Amino acid sequence: MSKKRKYEEKHREFKLQWEEELFFIERNNVISILRSKDKKLLNMVENISNSRHTMERRISIKSSDIFSNLQNEIANCSALSLALDGSTDIQDKPHLAIFVRYVTMNMVVKEELLDLIALKETTKNCDIKDALDVVLRSKIHRQCKNFVERLEDDIPNDVSWYCLVRWLSVNNVLTKFFDLLEPIKTFLKEKDKNLPQLSYHCGLRDMSFCTDVVDHLATLNMSLQGQNKFINILVQDIFSFQNKLKLFQRDLKINNLNHFPYLKKIEDCLVGIVTKFYCKDYVQKLECLSTHFEDLFKDLKLLKPSKTSLENPFVINVIENGYPILKSISMDTVVLEIQLLELLEDEGLKQLKYSCHSLLELRKHVPVIKYPKITLCAQKLISIFGTTYSYESLYSTNKIIKSKHRSISTDNHSTELLRTALTTYNPDFKKLTSKINTQQIRK
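Convert by adding 57 to the 1-based position in the sequence shown; the result is the number in the numbering used here.
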């Protein structure tokens with residue numbers, strides 16, 4: 058059992074902003090609550106109610122204010138996208154989290170929790186569709202009233218695809234197993250336990266190959282994580298991985314195991330013990346994985362030509378190739394081509410391209426009045442989710458809100474807690490306080 062460290066041994070530093078933000082002060086290396094000399098202020102603080110019901114009402118008020126601001130911004134945004142995530146809480150109750158990512162006219166990008174819907178009975182596709190319909194009609198009806206109908210058209214005007222969040226730590230389990238393979242064998246031998254699977258060469262080869270592939274997938278998953286990523290980064294990561302799969306197939310056909318370290322390690326151990334193996338079966342498995350990726354991201358492949366128009370429109374050859382944009386983003390290619398030709402001769406923007414540190418910063422300098430269609434296309438592309446950060450953070454936050462110590466909560470209150478915890482909005486506390494005081498005076 059580890060010894061509990063004393064405060065002095067933790068070497069923590071006191072931050073000055075804590076005095077204003079948290080009313081803490083440091084005296085003689087001890088952090089304590091700041092005691093004001095103003096007795097009136099002290100009385101006001103002491104009279105603040107911190108009961109369970111009061112805190113619940115305050116969270117509801119803040120959540121309502123956050124959602125009101127969200128509705129106003131969505132009503133005036135240039136483009137938006139929706140993302141759905143189905144998960145369960147600690148009580149194994151299924152929920153559907155609906156996130157919205159939108160771009161304002163000033164090129165400000167935000168991702169917010171739109172709603173959290175409890176799925177009462179089953180979690181079939183039709184249940185998710187019904188829950189989404191209810192939210193779109195009740196929450197942002199004016200902005201999304203035709204969203205579902207367009208998805209049912211033969212040629213929908215919205216880009217949609219399916220993304221499944223995997224168990225991201227499975228590669229750690231497999232790699233740890235192979236790193237400890239020899240100690241495991243020694244331990245079992247000392248205990249007189251016979252596990253022939255650990256010495257069966259075919260099984261070890263298959264498992265080592267699986268470990269290498271899962272490790273490559275984990276690297277891809279890590280690159281897809283993070284906050285404030287755009288769709289062009291997602292496109293780049295996905296299709297570069299598909300090209301890597303082709304490279305792996307080429308190497309395996311000639312028994313080159315440079316990209317498969319665990320398989321190479323097992324094969325080196327089996328040299329002279331068993332006959333040399335051929336990687337034909339593993340090549341077929343990689344071909345199946347490559348086909349699966351192509352099928353899974355076929356909608357994303359349609360966006361690939363639009364990646365250039367978002368990242369660097371100055372390299373587009375309009376005369377030979379036209380304007381590379383998906384029809385669901387914009388069908389007005391005639392106006393886009395004219396505006397792009399004008400943009401290509403804008404020397405001021407060309408210079409800004411090399412001085413701007415981010416894609417979003419460059420887009421903020423593009424005049425909306427002069428290039429309205431190009432700006433709108435960029436806003437639509439930027440509004441597409443480029444990472445699963447939002448629903449991953451919801452899952453982590455929900456584990457804190459609903460733990461083994463406190464797991465019972467109404468659906469509405471759970472939504473309010475998550476919205477308040479995940480939002481990027483800063484509530485106007487002065488306005489909310491004056492509103493509460495006015496209500497108390499009326500009572």
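Take the hints with a grain of salt, since some may be wrong.
With a cut-off of at most 25 Å between alpha-carbon atoms, the simulated SDA-like pairs for lysine to any residue come out as follows [stated by the list, open to error]:
1. K459 - K233
2. K303 - N285
3. K459 - L141
4. K342 - E324
5. K337 - L274
6. K310 - E324
7. K248 - H258
8. K286 - F296
9. K410 - P424
10. K361 - M101
11. K177 - K167
12. K430 - Y482
13. K233 - K186
14. K286 - R109
15. K342 - P362
16. K342 - I311
17. K421 - P362
18. K430 - K459
19. K421 - K459
20. K310 - K286
21. K286 - L176
22. K310 - K321
23. K421 - Y482
24. K355 - M264
25. K167 - I295
26. K459 - A140
27. K119 - K337
28. K410 - L274
29. K322 - R307
30. K427 - L416
31. K456 - L176
Just so you know, the hints here were simulated from the structure itself, not pulled from any lab data.
Predicted model, so just to flag it, every value in this text is computed and none were measured.
Subject >> Restraint check for K342 with P362, where alpha carbons must lie at most 25 Å apart >> reply: 29 Å, violated
**OP:** Take a quick look at whether K421 and Y482 sit within 25 Å of each other, Cα to Cα.
**Re:** 21 Å, holds
**OP:** Take a quick look at whether K459 and K233 sit within 25 Å of each other, Cα to Cα.
**Re:** It is violated: about 31 Å lies between the C-alpha atoms, which goes past 25 Å.
Original post:
Does P424 lie within 25 Å of K410 when you go C-alpha to C-alpha?
Top reply: Roughly 14 Å separates the two Cα atoms, so the pair holds.
**OP:** For the pair supplied as a hint, K248 and H258, confirm whether the alpha-carbon distance does not exceed 25 Å.
**Re:** Cα-Cα ~22 Å, so holds.
Original post:
Taking 25 Å as the top limit, are the C-alpha atoms of K233 and K186 close enough?
Top reply: Violated, at about 41 Å.
Original post:
Within a Cα-Cα threshold of 25 Å, do K286 and L176 meet the stated pairing?
Top reply: 30 Å, violated
**OP:** Sort out whether A140 lies within 25 Å of K459, counting only the CA atoms.
**Re:** It holds: about 23 Å lies between the C-alpha atoms, which stays within 25 Å.
**OP:** Below or equal to 25 Å on CA atoms is what counts here, so check K361 against M101.
**Re:** 59 Å, violated
Subject >> Hint consistency between K459 and L141 [alpha-carbon to alpha-carbon, up to 25 Å] >> reply: At roughly 21 Å apart (the allowed maximum being 25 Å), L141 and K459 satisfy the hint.
Subject >> Given pair status - K286, K310, alpha carbons within 25 Å >> reply: 36 Å, violated
Original post:
Going straight from one Cα to the other, do K342 and E324 come out at no more than 25 Å?
Top reply: 19 Å, holds
The structure is inconsistent with the numbered hints 1, 2, 10, 11, 12, 13, 14, 15, 18, 19, 20, 21, 24, 27, 28, although it conforms to all the rest.
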